[in-house]
Amino acid sequence: MQAIREVHDVLGGIITIRLPAGFSAQRVEVIVLPADPAAETAPGPLRIARRRPAPELAGTVIRDDLIEPAISPDDWDALK
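All letters in the sequence shown, in the order written, are residues 1 to 80 by this note's numbering.
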């Protein structure tokens, strides 16, 4: 799926969108939202906010082997 996100000025109730040369779709869907002036950024790829761990985890280190099973295969037979 190809997507383009741009902020345009409305002039006389008209918005003109120029598509890049590589855009091959013959039919498109257009969604118009009022732009938030505080959210405007320089043109370019969208920036996704980086997820942050909880503050309680700051400085902790994972020392377990995340690939190794939590218990040995022999312990699965403990209830038999």
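The set of hints was computed from the structure by calculation and includes no laboratory data.
Quantities reported herein were computed from a predicted structural model and do not represent experimental measurements.
Keep in mind that a hint or two might mislead.
[Claimed, not checked] Here are the simulated distance ranges between beta carbons:
#, residue 1, residue 2, range
1, G13, G59, 30 to 40 Å
2, A21, D64, 45 to 55 Å
3, E68, A35, 47 to 57 Å
4, R50, A25, 26 to 36 Å
5, L66, M1, 27 to 37 Å
6, D9, I62, 43 to 53 Å
7, L57, L11, 30 to 40 Å
8, G59, L33, 56 to 66 Å
9, L19, A54, 56 to 66 Å
All residues carry an ideal CB built from backbone N, CA and C; glycine is no exception.
We went through each hint and held it up to the structure:
1. With their beta carbons about 56 Å apart, G13 and G59 fall outside the hinted range of 30 to 40 Å.
2. A21 and D64 have their C-beta atoms about 51 Å apart, which keeps the hinted 45 to 55 Å range intact.
3. Our hint of 47 to 57 Å for E68 and A35 holds, since their Cβ atoms are close to 51 Å apart.
4. At about 31 Å, the CB distance of R50 to A25 agrees with the hint of 26 to 36 Å.
5. The supplied range of 27 to 37 Å is met by L66 and M1, whose beta-carbon atoms lie about 33 Å from each other.
6. Evaluation of the 43 to 53 Å hint for D9 and I62 yields a pass: the beta carbon distance comes to about 50 Å.
7. Checked against the hint of 30 to 40 Å, the C-beta distance between L57 and L11 comes to roughly 50 Å, which is inconsistent with it.
8. Judged by the Cβ atoms, the range 56 to 66 Å given for G59 and L33 is violated: they are separated by roughly 41 Å.
9. As the Cβ distance of L19 to A54 is approximately 43 Å, the hint placing it in 56 to 66 Å is violated.
Hint compliance for this structure: hints 1, 7, 8, 9 are not met, and every other hint is.
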